[in-house]
Amino acid sequence: MAATAPQQPAGLAVARARRLADTLAAPPRTAADVDALEALRADTARHLAAVAADLPEGERLVLDGHRLLVAHRHPERCALAEAPFTPSPRSCRRAVGMAVVARCVRAGAPAPAAAVAEVVEEAVADLEAPGGAGRAPWWARYYAGLPAGGRAVVRAEAVGFATRLVTAVEWERLERPPVVGGRDDWWQCPSGALTLRGRAELRVATGERVTLLVVGTRRCREDWRLELGYPGLVATLVRAPAAAPGRVVGLWPDSGQVRVLELDPGTLERTAAAVVAAAASWVDARIEAAGAPGAAG
Amino acid sequence: MPVLAHRPLHGAELLGRLRGETGARPVVDPGLAGGLRDWLEDGLAEAVAEVPGAHEVRVTKETLNQVLVCEAHLAACAGAPRTVSAALARGTLVDALFRQWVTVGGFEDPWADAVAALEAEEDPGGILPFVAALPAGRRTALVEEVEEQAQGILRRWPVPSPAWMARTQERLEIPVCGGRVVLSGVIDLLLGAPAHQRASVCLVELKSGGRRLEHRGDLHFYALLETLRSAAPPFRIATYYSATGELDVEPVGEDTLRAALERVLDGAAALCRLAAGHEPARRPNPLCAWCAGLPRCAPGQARAGTDVPRTPDAGDDEDAG
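For the record, the sequence lines run as chains A and B.
Under this note's numbering, read the first sequence as residues 1330 to 1626, first letter to last.
Under this note's numbering, read the second sequence as residues 3 to 323, first letter to last.
Treat the hints with care, as some may be off.
[As the list claims (entries may be wrong)] Just the calculated beta-carbon pair ranges, DEER-fashion: (1) Trp292/B <-> Thr1352/A: 45 to 53 Å; (2) Thr85/B <-> His1403/A: 25 to 33 Å; (3) Ile1616/A <-> Glu43/B: 41 to 49 Å; (4) Pro1570/A <-> Gly128/B: 52 to 60 Å.
[Stated by the list, open to error] From the derived model, a few chain B residues whose C-beta atoms are all more than 12 Å from chain A: (5) Ala89; (6) Pro131; (7) Arg140; (8) Arg169; (9) Arg173; (10) Glu228; (11) Glu252; (12) Arg298.
[Stated by the list, open to error] Among the chain A residues that face chain B by a calculated CB cut under 7 Å, a handful are: (13) Arg1406; (14) Leu1409; (15) Ala1412; (16) Pro1413; (17) Pro1416; (18) Gly1437; (19) Pro1439; (20) Ala1443; (21) Gly1474; (22) Ala1485; (23) Thr1496.
The set of hints was computed from the structure by calculation and includes no laboratory data.
The model shown is predicted, which means the values in this text are computed figures rather than measured ones.
C-beta: ideal position from N, C-alpha, C; glycine also.
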């Protein structure tokens, strides 16, 4: 069964959207090299365990895509105090937007502007239902507490995010419905103190394997191979080698740029090396912070 | 040339002006966007080569306007603290209400809604402290003006159908010359999904103040960005004046995009020269009297006919969009 096609202008062939769909659906160029992937997993676990061993006692480190790029682009910033997460229309836009995309692609909603109303109404209803708070998405309480003007901004941001993704792919060309959003990939280093977290907006099945689509912000940077390789690496580590992703496609809607990264063993090894270096930058920062005057413990 | 509507348009007439006839929209030349990008890259290569390695030259509608009027004016603006005026506050608040109208199709209490929108976004422009500090009379006047414009939006704008894929405050960011130069902007409203065979997107900028000369140039710049991003030009660009209900609509042809590109080349090359450390050129013009750099600019003072610097008046008509 193909994915449902959200409403698109009748009779207009969106060539870019077709190319992107075909790239997502195409099988990987090479078969999964099971031995190489097993070796990669063992090497990565060993190197990261060595890095994590230096974490101050009792500390844990979750390395996500944001922290990876901070360490890679501006390692000195790892030492700065991280602001605690606070919900805002901007920080909700992906979460609400992906729920809207899912509704358009999987449930046949005609367009994001219509789907967003249903998504936020259901979230608030779940929140208010007896025992429903556990079902409600994390942003529901924030949204429910906003006045009308604030709610409108959350919805507008989500519609913008969703519209760009919905119109970027010619969904009918995907033979099987993709996983839209879905859970992040979490890989725990055997030492237990370090966890890698990978995120993708779409997972498209290509036989036993999968292709990931990652939506980037602003524009594609010089280190796009790392930006795309990271979720590919984490997905590789959490899956059986034969089911590892073969490709990651990056889409930057603000700039219209698209990049395709084939996940061959060499690419994964380079990505893993950069991840180990980034983890080391964060561990160094934690060590410095723990040793700084006034640090607890 | 734009079609100017010097009377307020309502409902279907307004939308008809923006959406036109689907079948009458222009066919996209598939080589156009690539050709424009090559032209930009070639035209900027020499200027970019002078820019120090780590420097990224950012081209926005504001920097383009400023540098093309007078390079010294741009340099003075860059060094001056950002000031909020009543016009800027009005524009930001009305922008928020327009966004709400397009997204949810209604207001509860326009002033409260606009303030809540800015609060949710953490008010990056510092509008709310400015409003809070206004004397009671000026604040009341601002509230009335914003509410009046909200009523105008309510009366004249139909809620867009979901099928038109309306999205608001959309960011465009186009890197050229290997990312050394970045063209960027935020468009108030886009209607229509990007398509490839026929142009299908309409760009709308909302202005809460009066007509200004640079509004057309701003829209042409955005049309160029959208073309480079989506590989298809918008078929129409429009400025909606929320105080009067007037709507200026212009079709986008290749000549529009070429003219926009030549203007971007002139402006971006000047920005590159400034980034490379060249002395800004001074071009005396009618705006010299309002320039933050006037106290240090002899040609500007001669043009303004004074050696007494003037400070910008809080009532200057400066829009947020």
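Hints, verified against the model:
1. Trp292/B <-> Thr1352/A: 45 to 53 Å: Holds, at about 52 Å.
2. Thr85/B <-> His1403/A: 25 to 33 Å: holds (31 Å)
3. Ile1616/A <-> Glu43/B: 41 to 49 Å: holds (45 Å)
4. Pro1570/A <-> Gly128/B: 52 to 60 Å: holds (54 Å)
5. Ala89: holds (21 Å)
6. Pro131: The assertion about Pro131/B holds, with a minimum of 18 Å to chain A.
7. Arg140: holds (22 Å)
8. Arg169: violated (4 Å)
9. Arg173: Label violated. Min Cβ-Cβ 5 Å, cutoff 12 Å.
10. Glu228: Per Cβ check, Glu228/B is inside 12 Å of chain A; nearest 9 Å; violated.
11. Glu252: holds (21 Å)
12. Arg298: About 35 Å separates Arg298/B from the closest Cβ of chain A, which puts it past 12 Å; holds.
13. Arg1406: violated (16 Å)
14. Leu1409: violated (19 Å)
15. Ala1412: Since the shortest Cβ distance to chain B is 12 Å, the answer is violated.
16. Pro1413: violated (15 Å)
17. Pro1416: violated (10 Å)
18. Gly1437: violated (13 Å)
19. Pro1439: Since chain B brings a Cβ to about 6 Å from Pro1439/A, closer than 7 Å, the hint holds.
20. Ala1443: holds (4 Å)
21. Gly1474: The hint is violated - Gly1474/A has no Cβ within 7 Å of chain B, the shortest such distance being about 11 Å.
22. Ala1485: Holds. Min distance 4 Å.
23. Thr1496: holds (4 Å)
In summary, the numbered hints that this structure violates are 8, 9, 10, 13, 14, 15, 16, 17, 18 and 21.
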